[in-house]
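Trainee: Please build the complex by placing chain B on the supplied structure of chain A, with the hints as guidance.
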Amino acid sequence: MTDLWPEGIAEPVTTSPVRFIREQAALLGQKTGNTVTAKVSRSEEGAYWQSGAAFIYRFYIIAPTLDYRFQLFQLAFPIEMYPVTIKPDDDIMEELNNANLNTEFGPYGTIRVDSEEQLIPLLASILGSAKSRKIVQSLVAQSKEA
Amino acid sequence: MPSFLFWNINRKPLESLIGRIARRHDVDVIMLVESVSDPAVILQELNSQETTYHYAPSIGCEKVVLFARFSSDFLRPILETNRLTVRHLNLPGVTDILLAVTHFPSKLHWSDTSQMMECVELSNSIRVAESQVGHSRTVLVGDLNMNPFEGGVVSANGLHGVASRAIAQKKSRIIQSREYPFFYNPMWVLFGDGTRRPPGTYYYSSSEHCVYFWNLFDQVLLRPDLIHRFEMDALDILKSDGDKSFLTEDGLPDVAMASDHLPLFFRISL
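Note that the protein sequences, when read in sequence, are chains A and B.
Terminal number for the first sequence in numbering that gives the first Met the number 0: 145, no gaps in between.
Terminal number for the second sequence in numbering that gives the first Met the number 0: 269, no gaps in between.
Excised from the complex, chain A in its bound form (with noise of 0.2 Å):
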């Protein structure tokens, strides 16, 4: 048989947006020695804030030991990878709303990046903003009690 395949053709070209967030999930608990983790979950059901988005992910600050989770972002793109569409925890895109972002703010409190490049930037601002310290904070600390 034929193999009418092209060349190469099983290697991405892209990153996909999702490994960058595992990547961050995972780092979250080598931080807190896994006291505070964080988890990357798929939706079954679609997003209305973006249509046609082929890919959910819930982005979840956990605290094992406290059997606590928080949504800290959706994040959801298409088949293409880019765009990605994001939607954080209104507190954060209130805070991403006051930073001067170079970032396209959509409808639905979501943000639209084209780019790998546009991509890390907000996610850093979004994991750095004041609301995710504060709750990872809040959650090493509880942990710590429980």
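These are calculated hints, taken from the structure and not from any lab test.
Glycine included, C-beta positions come from ideal geometry on N, C-alpha and C.
Distance ranges between label pairs, derived from CB positions: (1) Ala25/A with Asp192/B: 55 to 63 Å; (2) Ala233/B with Phe104/A: 43 to 51 Å; (3) His227/B with Ala9/A: 53 to 61 Å; (4) Lys170/B with Ala25/A: 33 to 41 Å; (5) Gln175/B with Trp4/A: 32 to 40 Å; (6) Ile119/A with Gly191/B: 53 to 61 Å; (7) Ala123/A with Asp192/B: 53 to 61 Å.
Only some residues are given here: those of chain B computed to face chain A with a beta carbon under 7 Å: (8) Ile58; (9) Gly59; (10) Ile77; (11) Leu78; (12) Glu79; (13) Thr80; (14) Asn81.
Anything over 12 Å on all C-beta distances counts as not near chain A; from chain B, calculated: (15) Asn9; (16) His53; (17) Leu246.
Mentor: Only chain B this time, still in chain A's reference frame:
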């Protein structure tokens, strides 16, 4: 039989009214939204006659404030977004339940369609929490900023809240090969003048064609597994704290004296 009070207090210092309601109705769990008072001030009022209440803080949800007549250890948050806190009410010796409390986006800022769509997110979060504890004995309470008949509350992929116990007790419905669990919405019985209660929890009038005047934005919904534990006769829209009326002489919410929303009271037998 724990009793519950939910009230949108319209960013007003209503501590004394909350305290009087709590004592008069023997409230076990108090859930407030649009509360800007320091929880310590509310707690002081709640405990002005006897130290019985505890503050049950959220971690990531700042829009809902809870107090309970037992240690907050029995009302731990297990899943939160900024508009939702899901608590595991796990009192010793009785059946544990999930208490999901929300303050949904207002119609001032969100269209009906947006609210309906956001209900899908709320529903998903509740299902994640149910999966986390391994049961669906869930009560959802909050200012939904929607009436019981609106799409977000009724839609299968939204809250799937139905007016009939018989339908809700079928547990779920399958649409396009996807299964959606029901909520029973007892609020339907409180519409209009058919009861001794006010015709809704929130009054709004404007000079447009379609106006409901009285709305039931503040609601409690139950998963089928909790229906038999819900004391239907205790469900009430409170119109006074036993001393002061929350209504004007015209029967509308007295915004000057209390809130633009009326408080909701209910009991669940655990």
